[in-house]
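J.: The residues making up each chain are set out below.
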Amino acid sequence: MSTRLGLIDYGMGNLHSVQLAFRRLNKSLDLVKTPTDLKKCDALILPGVGAFDPAMENLERTHLVPDLKIWAEQDKPLLGICLGLQLFFESSDEGSSAGLGLLKGHVQRLPINKKERIPHMGWAPLEQKNESPLLNSFDQNNWMYFVHSYAAKPIKERDLAATVTFGDTKITAIVWRSRIGACQFHPEKSSLAGQRMLNRWLKWLEDGAEPLQIA
Amino acid sequence: MVALRLIPCLDVAEGRVVKGVNFVGLRDAGDPVELACRYSLAGADELVFLDIAASHEGRETLVELVRRTAESVTIPFTVGGGIGSLKGIKELLRAGADKVSLNSSAVRNPDLIREGAKKFGSQCIVVAIDARRRIQEDLGWDVYVKGGRENTGIDVVSWAKEVSDLGAGEILLTSMDGDGTQAGYDLELIKTVAEVVPLPVIASGGAGCIKDIIEAFTRGKASAALLASLLHDGLLTVEEIKYELLNQGLPVRPIDNEQSFR
Numbered sequence: 135m136s137t138r139l140g141l142i143d144y145g146m147g148n149l150h151s152v153q154l155a156f157r158r159l160n161k162s163l164d165l166v167k168t169p170t171d172l173k174k175c176d177a178l179i180l181p182g183v184g185a186f187d188p189a190m191e192n193l194e195r196t197h198l199v200p201d202l203k204i205w206a207e208q209d210k211p212l213l214g215i216c217l218g219l220q221l222f223f224e225s226s227d228e229g230s231s232a233g234l235g236l237l238k239g240h241v242q243r244l245p246i247n248k249k250e251r252i253p254h255m256g257w258a259p260l261e262q263k264n265e266s267p268l269l270n271s272f273d274q275n276n277w278m279y280f281v282h283s284y285a286a287k288p289i290k291e292r293d294l295a296a297t298v299t300f301g302d303t304k305i306t307a308i309v310w311r312s313r314i315g316a317c318q319f320h321p322e323k324s325s326l327a328g329q330r331m332l333n334r335w336l337k338w339l340e341d342g343a344e345p346l347q348i349a
Numbered sequence: 002m003v004a005l006r007l008i009p010c011l012d013v014a015e016g017r018v019v020k021g022v023n024f025v026g027l028r029d030a031g032d033p034v035e036l037a038c039r040y041s042l043a044g045a046d047e048l049v050f051l052d053i054a055a056s057h058e059g060r061e062t063l064v065e066l067v068r069r070t071a072e073s074v075t076i077p078f079t080v081g082g083g084i085g086s087l088k089g090i091k092e093l094l095r096a097g098a099d100k101v102s103l104n105s106s107a108v109r110n111p112d113l114i115r116e117g118a119k120k121f122g123s124q125c126i127v128v129a130i131d132a133r134r135r136i137q138e139d140l141g142w143d144v145y146v147k148g149g150r151e152n153t154g155i156d157v158v159s160w161a162k163e164v165s166d167l168g169a170g171e172i173l174l175t176s177m178d179g180d181g182t183q184a185g186y187d188l189e190l191i192k193t194v195a196e197v198v199p200l201p202v203i204a205s206g207g208a209g210c211i212k213d214i215i216e217a218f219t220r221g222k223a224s225a226a227l228l229a230s231l232l233h234d235g236l237l238t239v240e241e242i243k244y245e246l247l248n249q250g251l252p253v254r255p256i257d258n259e260q261s262f263r
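So the protein lines, in turn, are chains A and B.
The C-terminal residue of the first sequence carries number 349 in the numbering used here, and the numbering is unbroken.
The C-terminal residue of the second sequence carries number 263 in the numbering used here, and the numbering is unbroken.
It should be emphasised that the hints constitute simulated quantities derived from the structure, not laboratory data.
Note that the structure is a prediction, hence the values are computed from the model and not measured.
Please note: incorrect hints may appear among the correct ones.
[Claimed, not checked] Think about it this way: if two alpha-carbon atoms lie no more than 20 Å apart in a straight line, the pair counts; the simulated EDC-like pairs of lysine to aspartate or glutamate are:
| hint | chain 1 | residue 1 | chain 2 | residue 2 |
| --- | --- | --- | --- | --- |
| 1 | A | Lys263 | A | Glu228 |
| 2 | A | Lys248 | B | Glu216 |
| 3 | A | Lys210 | A | Glu228 |
| 4 | A | Lys248 | B | Asp166 |
| 5 | B | Lys119 | A | Asp187 |
| 6 | B | Lys222 | B | Asp257 |
| 7 | B | Lys119 | A | Glu228 |
[Stated by the list, open to error] Some chain B residues flagged as far from chain A (calculated, every beta-carbon gap over 12 Å):
| hint | residue |
| --- | --- |
| 8 | Met2 |
| 9 | Glu15 |
| 10 | Thr62 |
| 11 | Gly83 |
| 12 | Ser86 |
| 13 | Asn110 |
| 14 | Lys119 |
| 15 | Cys125 |
| 16 | Gly149 |
| 17 | Leu167 |
| 18 | Asp178 |
| 19 | Asp180 |
| 20 | Glu216 |
| 21 | Ser230 |
| 22 | Leu236 |
| 23 | Glu241 |
Every residue, glycine too, gets a C-beta built ideally from N, C-alpha and C.
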């Protein structure tokens, strides 16, 4: 069975890079701009760069928001990237719009820190907390490329799949719940390590997208 | 802590690399895309393309170069040279550039930084500052524009602060006194700027040996180093530099050669 993969096109950034990354893995993505497009898909990707409020406003304009919430309630596969991850949450320090609320929690401004600059920009290794189809603990090189000034704080600790060290604290790198998850970094820009990660996600989809069980 | 970045910089004109590059086994040493792929595999953390001709006619060629680069290169890359409007920024981002670097146009019209950051996000707006020491050394540095031909008389430190306030995501700081000399970075310049802005600062101009690069990070507090002739002339490799940085206990991303999937 071939999974039909949809890439949500709401005019926020890195669409092209994500498409190219999947093309390198021999997987084509269908652009999703309307609820009708969405219904043809088996799995969705929510990309995004930029600011929280304009992103939510753009997303509202596509009329996809109610469908995305139903999608998540039905526990269908969904992958958020960068700002896409932040939109999964309920709210953000960066704006006043309500997020999608697919996961419980708030997006906070990165703490001012002597050891780190803001934006948090560059490569850092992931620290695994819980299972996720994106992660394989045997993959020794899991350095990913980050660019962000805000980080989500999930209320439920089990939603947190991986963190990254930022100064003296750990911040969210990957969230995952059942079939839904997202990464704060850019796997599509993270060289071979990022390609391996996207390929793991594709393989998980093709293998039937087993929901992640957490004891 | 986020790793310190090594960023090869390729000068291009009309879609070709301008300065020759000394890589063994290159099919076409003048093809920026082939070089970019080589540097990416060699462990470069990001890439910068600088269109030094920045001619009106050359724009189409540059956009095409960006498109081809985005297809094959899997690390972030920045494009600079002659970008003067929101439309120009959009065109290059759409073609697949991750960031654009603004220089003269930002000095002429600082609002371009604000508007660009608002529209496309701070993360993709790099502001390049070309700095030259004032004749009396204790007086700081002047901002130069138009490829270093024109002194604006603007103070580098106050310009860096303004750029940061306007929403830039990063500063690419070139010491014109050091550029091409391989006599070492202007550490005082880098440190002074890095201390007044919260943004990452990329050190550029003057690196002649590994020690210079290490000092840009340790004493200059740079987040990244832009490297040109040192790499292109084959004097050092990315791997050698990273090895030495690791030896000094500095955080760098290990070179990833794992082609297989798991």
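J.: Next, verify each hint and record whether it holds.
T.: Against the structure, the hints:
{"no.": "1", "hint": "Lys263/A with Glu228/A", "verdict": "violated, 26 Å"}
{"no.": "2", "hint": "Lys248/A with Glu216/B", "verdict": "holds, 19 Å"}
{"no.": "3", "hint": "Lys210/A with Glu228/A", "verdict": "violated, 28 Å"}
{"no.": "4", "hint": "Lys248/A with Asp166/B", "verdict": "holds, 19 Å"}
{"no.": "5", "hint": "Lys119/B with Asp187/A", "verdict": "holds, 11 Å"}
{"no.": "6", "hint": "Lys222/B with Asp257/B", "verdict": "violated, 26 Å"}
{"no.": "7", "hint": "Lys119/B with Glu228/A", "verdict": "holds, 13 Å"}
{"no.": "8", "hint": "Met2", "verdict": "violated, 6 Å"}
{"no.": "9", "hint": "Glu15", "verdict": "holds, 24 Å"}
{"no.": "10", "hint": "Thr62", "verdict": "holds, 19 Å"}
{"no.": "11", "hint": "Gly83", "verdict": "holds, 22 Å"}
{"no.": "12", "hint": "Ser86", "verdict": "holds, 19 Å"}
{"no.": "13", "hint": "Asn110", "verdict": "holds, 21 Å"}
{"no.": "14", "hint": "Lys119", "verdict": "violated, 8 Å"}
{"no.": "15", "hint": "Cys125", "verdict": "violated, 7 Å"}
{"no.": "16", "hint": "Gly149", "verdict": "holds, 26 Å"}
{"no.": "17", "hint": "Leu167", "verdict": "holds, 14 Å"}
{"no.": "18", "hint": "Asp178", "verdict": "holds, 25 Å"}
{"no.": "19", "hint": "Asp180", "verdict": "holds, 24 Å"}
{"no.": "20", "hint": "Glu216", "verdict": "holds, 18 Å"}
{"no.": "21", "hint": "Ser230", "verdict": "holds, 24 Å"}
{"no.": "22", "hint": "Leu236", "verdict": "holds, 24 Å"}
{"no.": "23", "hint": "Glu241", "verdict": "holds, 19 Å"}
When each numbered hint is compared with the structure, violations occur for hints 1, 3, 6, 8, 14, 15.
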